[in-house]
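Protein chains: 2
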Amino acid sequence: MAPKEDTKEKILSVGARIIHRKGYHYTGIQEILKAAGVPKGSFYFYFKNKEDFGLQVIDWFVRDYTEMLAAIYRKTAQQGPLQRLSAAMDGFIDFYEKIDFTCGCPVGNLAQEMGDLNEAFNRKLQQAVDKMVAFFAGFIREAREKGEIAADLDVDETARFIVSSWHGALIHMKISKGPEPLVNHKKFIFEKVLGVRE
Amino acid sequence: MAPKEDTKEKILSVGARIIHRKGYHYTGIQEILKAAGVPKGSFYFYFKNKEDFGLQVIDWFVRDYTEMLAAIYRKTAQQGPLQRLSAAMDGFIDFYEKIDFTCGCPVGNLAQEMGDLNEAFNRKLQQAVDKMVAFFAGFIREAREKGEIAADLDVDETARFIVSSWHGALIHMKISKGPEPLVNHKKFIFEKVLGVRE
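Here the protein sequences line up with chains A and B, keeping their order. Counted from 1, the first sequence has number 39 at position 40 by numbering that gives the first Met the number 0; the numbering is strictly sequential. Counted from 1, the second sequence has number 157 at position 158 by numbering that gives the first Met the number 0; the numbering is strictly sequential.
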């Protein structure tokens with residue numbers, strides 16, 4: 000990576016972490032630059048404005064999330080589809096436990112914050128949600144093919160419900176500051192939606 | 000209502016609508032005062048600062064939401080608990096259709112926006128969530144007593160899952176700008192969680 004790209008990546012990763020914690024509007028460019036230790040000129044060399052930066056932060060989140068999912072995918076390669084789905088959910092619960100049940104999902108957060116305000120954000124966020132849905136759909140499709148869940152369960156609808164209800168559980172986690180909403184989510188998805196006991 | 004209370008209520012209701020649409024941080028006091036047509040002095044006569052105003056806006060949202068729920072409750076008094084739950088969900092889907100699938104739930108929005116930033120907001124938001132949970136729990140408890148749903152379904156956990164997954168469906172609605180996430184939520188809650196076909 001060239002030094003210039005290092006600087007851009009640094010602004011993006013530092014900015015992404017602040018936005019994840021505080022939201023888009025509450026995060027100032029000055030704050031990001033100070034935390035990243037780069038001068039103001041650097042920001043405007045790489046980004047047209049805050050919106051352009053925000054859009055590239057969504058891409059950064061998607062890359063980060065995709066790596067996280069790929070790691071879970073590799074780690075669980077020897078397991079069955081429902082075990083892998085369970086491991087993925089546990090992996091996310093562990094992640095939030097490590098950060099004291101704060102922040103929530105950056106994609107869900109930005110969808111909520113920007114959904115009515117910025118169409119360009121919206122399009123990127125919808126693509127990000129669709130990627131999450133596709134990840135879960137893969138496990139559900141395989142589980143259905145293997146007869147581990149009911150044959151009449153619609154793969155796409157089920158995956159969409161898992162992701163949307165997960166985003167809601169994360170909101171409740173942010174105010175309760177405990178794992179209960181996430182654990183309750185997993186319980187209902189497995190026992191009721193998929194109809195299996197772990 | 001005395002004239003002074005009229006002014007306070009006007010600032011709160013106008014401010015609540017703007018915050019519902021744009022979020023807390025993105026809403027300026029000046030913008031609220033301009034929309035409400037009241038001078039700056041009035042704001043600081045009724046509210047210590049923006050935070051104090053925000054906390055009172057949450058109370059306003061809870062009153063507004065409680066009235067909405069009470070209206071559904073009265074209107075469906077002759078129906079069974081699952082029909083009433085269904086009517087409540089349909090009522091909310093209709094509400095969001097009328098506002099072009101924008102805004103989302105003000106309580107869910109503020110929980111997401113403020114959950115890590117302000118403990119006083121958090122406490123009030125948790126109480127607001129608990130009220131919603133209690134409303135849905137009432138129908139589920141009655142349905143269970145009447146044998147309309149499985150006897151082993153935990154009333155509180157089920158109601159919590161309905162509300163948290165609803166908040167997530169609203170987030171997805173904000174980016175898809177269509178009813179699908181809400182309709183999908185209702186379908187999974189009835190068919191899978193409650194185990195009934197409407």
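Everything labelled a hint here was simulated from the structure, so no lab data went into it. Be aware that a few hints might be false.
No distinction is drawn between identical chains; accordingly, a pair holds when it is met within one copy or between any pair of copies.
As the list claims (entries may be wrong) - In silico EDC-like pairs for lysine to aspartate or glutamate, Cα to Cα no more than 16 angstroms straight-line:
1. K186 / D151
2. K191 / D153
3. K191 / D151
4. K21 / E118
5. K191 / E156
6. K186 / D155
7. K97 / E8
Here is what the structure says about each hint:
1. K186 / D151: between (21 angstroms within a copy, 14 angstroms between copies)
2. K191 / D153: Intra 14 angstroms, inter 12 angstroms, cutoff 16 angstroms: intra and inter.
3. K191 / D151: both (14 angstroms within a copy, 12 angstroms between copies)
4. K21 / E118: Only across copies: K21 and E118 sit 14 angstroms apart there, 21 angstroms inside one copy, limit 16 angstroms.
5. K191 / E156: both (15 angstroms within a copy, 12 angstroms between copies)
6. K186 / D155: between (20 angstroms within a copy, 14 angstroms between copies)
7. K97 / E8: Neither. Shortest intra-copy (24 angstroms) and inter-copy (42 angstroms) distances fail the 16 angstroms Cα cut-off.
The structure shown violates just one earlier hint, number 7.
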